[in-house]
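Keeping the supplied structure of chain U fixed, place chain P upon it in accordance with the hints.
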Amino acid sequence: MAKRKFKLPGVEDLNKDQDRVLRLPEDGQFLIVGGPGTGKSVVALLRAMKFSNGNDYIFLTYNRVLSSATDQLTQALHSNTLLRFFNKKLRDSLKPIREKLKQDEDGNKEQIQNCNSILIKNFGHDYKKIDKFLQDNNFELTETTRHLIVDEGQDMPPDYYERLMDFGYENFFIVADQNQQLEADENSSREELSNILGLEVEDVIELKENYRNTYIIALWAMYFYTDISSPPPKLPPKDRKGGVPILYQYKDFKRCIEFILREADRDLSNLIGVVVAKTTILEICKRELESMEIELDNEKPRIQSYKSGQAVEIDFGEGGIVVLNANSIKGLEFDVVFVMLNGFEIYNNDEDSMRKKLYVISSRAIKKLVFFNSGKNAVEQIFPDKDIFPDEKIPKYEKEYKDEHIYPNTKILSRKELG
Amino acid sequence: MTNKNRWFLPTNTDNLKMMVAQGLMSSPDGFSPNKYYKDELENYPGFIPVFKNSIPKNTLDLIISEQENMTACLIEIDLTKITQGNAKNQNYEAVEVSVNAHDDLLLLLAPLSLSCIKQIIFKSVDDKISLEAEQKLSSNFILSDLKTHYSKSDETLFKASNDKGSMESFHKDKVDENKIESQVGSVKLVNYPRIYAFGGLLTSLFYFAKNGKLSNNIYHDFCTIDKANLVDDKLCIHQYFNQIESDGILQIMYSKLLDKLISRENSKDDIIMLLEATDWDERFKSRTQDLAQMLREFENNETTISEKFSKAIKPLERLLLMLFHKESIESLIEYQLDMFTEDDYLLFSLIFGVRDKFIKTPKFIREYQNLQNFISSKMAEYAHLELKSGIKFKSTSSPKTVWDILNTKNTAKKAGKKLEITDCVQAETGEDFEKQGRKVIFQGYLELKYKIVEDKYFKIISNKNISTETYNNLARLK
Numbered sequence: 000m001a002k003r004k005f006k007l008p009g010v011e012d013l014n015k016d017q018d019r020v021l022r023l024p025e026d027g028q029f030l031i032v033g034g035p036g037t038g039k040s041v042v043a044l045l046r047a048m049k050f051s052n053g054n055d056y057i058f059l060t061y062n063r064v065l066s067s068a069t070d071q072l073t074q075a076l077h078s079n080t081l082l083r084f085f086n087k088k089l090r091d092s093l094k095p096i097r098e099k100l101k102q103d104e105d106g107n108k109e110q111i112q113n114c115n116s117i118l119i120k121n122f123g124h125d126y127k128k129i130d131k132f133l134q135d136n137n138f139e140l141t142e143t144t145r146h147l148i149v150d151e152g153q154d155m156p157p158d159y160y161e162r163l164m165d166f167g168y169e170n171f172f173i174v175a176d177q178n179q180q181l182e183a184d185e186n187s188s189r190e191e192l193s194n195i196l197g198l199e200v201e202d203v204i205e206l207k208e209n210y211r212n213t214y215i216i217a218l219w220a221m222y223f224y225t226d227i228s229s230p231p232p233k234l235p236p237k238d239r240k241g242g243v244p245i246l247y248q249y250k251d252f253k254r255c256i257e258f259i260l261r262e263a264d265r266d267l268s269n270l271i272g273v274v275v276a277k278t279t280i281l282e283i284c285k286r287e288l289e290s291m292e293i294e295l296d297n298e299k300p301r302i303q304s305y306k307s308g309q310a311v312e313i314d315f316g317e318g319g320i321v322v323l324n325a326n327s328i329k330g331l332e333f334d335v336v337f338v339m340l341n342g343f344e345i346y347n348n349d350e351d352s353m354r355k356k357l358y359v360i361s362s363r364a365i366k367k368l369v370f371f372n373s374g375k376n377a378v379e380q381i382f383p384d385k386d387i388f389p390d391e392k393i394p395k396y397e398k399e400y401k402d403e404h405i406y407p408n409t410k411i412l413s414r415k416e417l418g
Numbered sequence: 000m001t002n003k004n005r006w007f008l009p010t011n012t013d014n015l016k017m018m019v020a021q022g023l024m025s026s027p028d029g030f031s032p033n034k035y036y037k038d039e040l041e042n043y044p045g046f047i048p049v050f051k052n053s054i055p056k057n058t059l060d061l062i063i064s065e066q067e068n069m070t071a072c073l074i075e076i077d078l079t080k081i082t083q084g085n086a087k088n089q090n091y092e093a094v095e096v097s098v099n100a101h102d103d104l105l106l107l108l109a110p111l112s113l114s115c116i117k118q119i120i121f122k123s124v125d126d127k128i129s130l131e132a133e134q135k136l137s138s139n140f141i142l143s144d145l146k147t148h149y150s151k152s153d154e155t156l157f158k159a160s161n162d163k164g165s166m167e168s169f170h171k172d173k174v175d176e177n178k179i180e181s182q183v184g185s186v187k188l189v190n191y192p193r194i195y196a197f198g199g200l201l202t203s204l205f206y207f208a209k210n211g212k213l214s215n216n217i218y219h220d221f222c223t224i225d226k227a228n229l230v231d232d233k234l235c236i237h238q239y240f241n242q243i244e245s246d247g248i249l250q251i252m253y254s255k256l257l258d259k260l261i262s263r264e265n266s267k268d269d270i271i272m273l274l275e276a277t278d279w280d281e282r283f284k285s286r287t288q289d290l291a292q293m294l295r296e297f298e299n300n301e302t303t304i305s306e307k308f309s310k311a312i313k314p315l316e317r318l319l320l321m322l323f324h325k326e327s328i329e330s331l332i333e334y335q336l337d338m339f340t341e342d343d344y345l346l347f348s349l350i351f352g353v354r355d356k357f358i359k360t361p362k363f364i365r366e367y368q369n370l371q372n373f374i375s376s377k378m379a380e381y382a383h384l385e386l387k388s389g390i391k392f393k394s395t396s397s398p399k400t401v402w403d404i405l406n407t408k409n410t411a412k413k414a415g416k417k418l419e420i421t422d423c424v425q426a427e428t429g430e431d432f433e434k435q436g437r438k439v440i441f442q443g444y445l446e447l448k449y450k451i452v453e454d455k456y457f458k459i460i461s462n463k464n465i466s467t468e469t470y471n472n473l474a475r476l477k
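If you read the sequences in order, they're chains U and P.
Going by numbering that gives the first Met the number 0, the residue at position 267 of the first sequence is 266; the numbering climbs one at a time, nothing skipped.
Going by numbering that gives the first Met the number 0, the residue at position 299 of the second sequence is 298; the numbering climbs one at a time, nothing skipped.
Isolated chain U (complex conformation) (with noise of 0.2 Å):
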């Protein structure tokens, strides 16, 4: 199999915002904002590997997809999940005040009641409770780890940064996108995060070029924006050009296999997302990949998976197939991604859900994407009439340049038979 690794950056890839934010000082409290691709992840894995030596570094990602990619891509790094982090800093934290309360010759039970309620979550914390009890217990700070690097900081609510800062730490490093936010509730804005961190609104570095897809592929994802409060991010230049994103008719399933599989042969270090809507159709989806004989010109592609709740076993240090939910490919990226349209639904007409959990998924290809279907879909609908992109989804703020672009006529879609 053909290895993969984090690909280092050229000199000339890299903006000069993200060159500004490779010079930001060691220490002290940074936010980083931009859309998907813009190369958040980018700079942040390249700080982390600019100042890590020893342990004083934390990469924390929300998902363990995520965090076990940034892992084996960079291997020097300590990644964890913000959560798993989170809760390991809590039981550290809280279990000698256990211990103290429990020596206590006059007892403490509502206390003890409390610090047990506290420990047996591992989500859904009430941070408002924490910083109750620990203020009550008189907390002393515990920390051994200087910085904390945060990728994706938009999924978890301020309260959660505010109790690692009563832990002690003071140098935090976020990059984020209000766009991707994956829970109503659990999730910190912009803004919060700035006041958070005590930034002034000019101190929030923004990535605005997206680095990662061809220029129709994000014009493809660009239709699913769903944000009214904040521009899209920018498109990335014409000349980034690639193939339309494809939708496949299809009557007989093996045809999507037998693509999917020759599309991986291609090139052995490719790495090929399949993403599919629940954990049903991805045991069928990986059970026919891994069943399926055909002339293939290299031998057959690596085949993984992962399902929520499972250890994260996939090598991303080698190409191949990768079959996931669609909840667990935030912050991913893959050469090509192919989405199995059948299974997504749209719940209570919230067709925006959906639209979010598409750019999501459409803003993961980097050079190609393509949608299977058979039959009618409901998703389906809320895909563009007329496979072009069309005027009233150009941004008000992008109108004026309008000429400078090639959509409003531009072909986002193709639609075909695999027959």
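FYI, nobody ran anything at the bench for these hints, they're computed from the structure.
It is possible that part of the hints are untrue.
Derived pair list, reagent style BS3-like, types lysine-lysine, alpha-carbon separation capped at 30 Å [unchecked claim]:
{"id": "1", "chain 1": "U", "residue 1": "Lys392", "chain 2": "U", "residue 2": "Lys375"}
{"id": "2", "chain 1": "P", "residue 1": "Lys37", "chain 2": "U", "residue 2": "Lys233"}
{"id": "3", "chain 1": "U", "residue 1": "Lys385", "chain 2": "U", "residue 2": "Lys355"}
{"id": "4", "chain 1": "P", "residue 1": "Lys284", "chain 2": "U", "residue 2": "Lys240"}
{"id": "5", "chain 1": "U", "residue 1": "Lys366", "chain 2": "U", "residue 2": "Lys415"}
{"id": "6", "chain 1": "P", "residue 1": "Lys56", "chain 2": "P", "residue 2": "Lys122"}
{"id": "7", "chain 1": "P", "residue 1": "Lys362", "chain 2": "U", "residue 2": "Lys49"}
{"id": "8", "chain 1": "P", "residue 1": "Lys187", "chain 2": "P", "residue 2": "Lys117"}
{"id": "9", "chain 1": "P", "residue 1": "Lys259", "chain 2": "U", "residue 2": "Lys15"}
{"id": "10", "chain 1": "P", "residue 1": "Lys267", "chain 2": "U", "residue 2": "Lys410"}
{"id": "11", "chain 1": "U", "residue 1": "Lys410", "chain 2": "U", "residue 2": "Lys375"}
{"id": "12", "chain 1": "P", "residue 1": "Lys267", "chain 2": "U", "residue 2": "Lys15"}
{"id": "13", "chain 1": "P", "residue 1": "Lys37", "chain 2": "U", "residue 2": "Lys237"}
{"id": "14", "chain 1": "P", "residue 1": "Lys259", "chain 2": "U", "residue 2": "Lys207"}
{"id": "15", "chain 1": "P", "residue 1": "Lys135", "chain 2": "U", "residue 2": "Lys49"}
{"id": "16", "chain 1": "P", "residue 1": "Lys267", "chain 2": "P", "residue 2": "Lys325"}
{"id": "17", "chain 1": "U", "residue 1": "Lys207", "chain 2": "P", "residue 2": "Lys37"}
{"id": "18", "chain 1": "P", "residue 1": "Lys259", "chain 2": "U", "residue 2": "Lys366"}
{"id": "19", "chain 1": "P", "residue 1": "Lys325", "chain 2": "U", "residue 2": "Lys253"}
{"id": "20", "chain 1": "U", "residue 1": "Lys15", "chain 2": "P", "residue 2": "Lys34"}
{"id": "21", "chain 1": "P", "residue 1": "Lys56", "chain 2": "U", "residue 2": "Lys15"}
{"id": "22", "chain 1": "U", "residue 1": "Lys366", "chain 2": "P", "residue 2": "Lys135"}
Which chain U residues face chain P? A few, computed with CB under 8 Å, are given here [what the hints assert, rightly or not]:
{"id": "23", "residue": "Leu7"}
{"id": "24", "residue": "Pro8"}
{"id": "25", "residue": "Gly9"}
{"id": "26", "residue": "Glu11"}
{"id": "27", "residue": "Asn14"}
{"id": "28", "residue": "Arg22"}
{"id": "29", "residue": "Leu23"}
{"id": "30", "residue": "Leu45"}
{"id": "31", "residue": "Met48"}
{"id": "32", "residue": "Lys49"}
{"id": "33", "residue": "Ser268"}
{"id": "34", "residue": "Glu294"}
A partial selection of chain P residues facing chain U, derived with a Cβ cut-off under 8 Å [unchecked claim]:
{"id": "35", "residue": "Ala20"}
{"id": "36", "residue": "Ser31"}
{"id": "37", "residue": "Lys34"}
{"id": "38", "residue": "Gln66"}
{"id": "39", "residue": "Ala132"}
{"id": "40", "residue": "Asn139"}
We put the beta carbon where it would ideally sit given N, CA and C, even for glycine.
Showing chain P alone in chain U's frame:
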């Protein structure tokens, strides 16, 4: 007479990194888009301004003015590396390029080779350490050949001297603005993309010269751009860089393709659009249409890649397919398919080098001992040849190709063992021998000639990547 004059190009570490990455000290128009940070280069378009012994305060302020936390540095230029041609002084009058020059500012016609760098001066040791550490964060900022270990921190050079303080804008005051404009206007523009493409081509050929005698010869042919013994497709590429025009069909097709690949508009769509364009002469049309159709079909996954290549017979067809199949020289190097010949790889390496340009040279090749400096000097030489500037540089020692090392008497055997290719080597002697059972007996001391069996060698070496460590070990053999 010993002269202690020193000549500096004051800039910031951001511009320095970019110049190292692109392989030349250039004017701002030679930088990648939006990567140039303000310094004196933009005040002297087409020239590299170098200051004698100290730097004006305004300049020291200017070079770190664009963003916060920037780091100033002084690139000390070794003027003795420029052996022919003139410079200009601050009045745009022609003057000799000399360490002893009386002027406080010399304008050297851009571009300059990286081998002209004597050392880099930093304000503090921390600045030097910090820049050196940045190499691990980049794929093309490699200081290895630039001898930065000789570079120093020298805070005094970053304090403007009093007399220069009064010269804050001396270059502007002394010169008649109209004269500057007319001088600037008369500077011929360097075709940087073509120069960088030539550097990419040479570097790529240097790597693939490992594949055998044919590849090695062609690398040397391109190194001496004005004389070559080439045919067919390779001749077309050579003529393109030599600016020799021809009305041959193949030559014209290559010329248009290379123009497209060198430009920024070189995506798959752009190549198809080029082939489908209506302005092709009637002699070409059916061929270009067929090629476009072949490329359109390449993206479908109906058959394997090897089947697609096996249907492509002509070199140009295979070349175009490979351009569509692999996105960079790095992925070309990692890709192996048994059906390709040495000739195929040669052509691929030529064209991928052109498309990627020197800046995209894989890090492990850039780190080959002395290669970066050598290619930089070749690019500078080529640029000044095109400009007809008359500027010549002191020659930079040429790194040996793997094939050269394998075919040099003193190093052949040791290199063969290191590369584990001894199975492809035959030993010959003209001496008489006698057979005694299984024994072969020669009279006297035996002089053996070693010969590489090329077919066998190619099969092994084409699947072998030559890492930095391997190459540098080979290059050190004596």
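Hint-by-hint comparison with the structure:
no.	hint	verdict
1	Lys392/U <-> Lys375/U	holds (25 Å)
2	Lys37/P <-> Lys233/U	holds (25 Å)
3	Lys385/U <-> Lys355/U	holds (21 Å)
4	Lys284/P <-> Lys240/U	holds (25 Å)
5	Lys366/U <-> Lys415/U	holds (19 Å)
6	Lys56/P <-> Lys122/P	holds (14 Å)
7	Lys362/P <-> Lys49/U	holds (18 Å)
8	Lys187/P <-> Lys117/P	holds (27 Å)
9	Lys259/P <-> Lys15/U	holds (28 Å)
10	Lys267/P <-> Lys410/U	holds (17 Å)
11	Lys410/U <-> Lys375/U	holds (22 Å)
12	Lys267/P <-> Lys15/U	holds (28 Å)
13	Lys37/P <-> Lys237/U	holds (27 Å)
14	Lys259/P <-> Lys207/U	holds (28 Å)
15	Lys135/P <-> Lys49/U	holds (8 Å)
16	Lys267/P <-> Lys325/P	holds (11 Å)
17	Lys207/U <-> Lys37/P	holds (22 Å)
18	Lys259/P <-> Lys366/U	holds (21 Å)
19	Lys325/P <-> Lys253/U	holds (27 Å)
20	Lys15/U <-> Lys34/P	holds (7 Å)
21	Lys56/P <-> Lys15/U	holds (25 Å)
22	Lys366/U <-> Lys135/P	holds (27 Å)
23	Leu7	holds (4 Å)
24	Pro8	holds (7 Å)
25	Gly9	holds (4 Å)
26	Glu11	holds (4 Å)
27	Asn14	holds (6 Å)
28	Arg22	holds (4 Å)
29	Leu23	holds (7 Å)
30	Leu45	holds (5 Å)
31	Met48	holds (6 Å)
32	Lys49	holds (6 Å)
33	Ser268	holds (7 Å)
34	Glu294	holds (6 Å)
35	Ala20	holds (4 Å)
36	Ser31	holds (4 Å)
37	Lys34	holds (6 Å)
38	Gln66	holds (5 Å)
39	Ala132	holds (7 Å)
40	Asn139	holds (4 Å)
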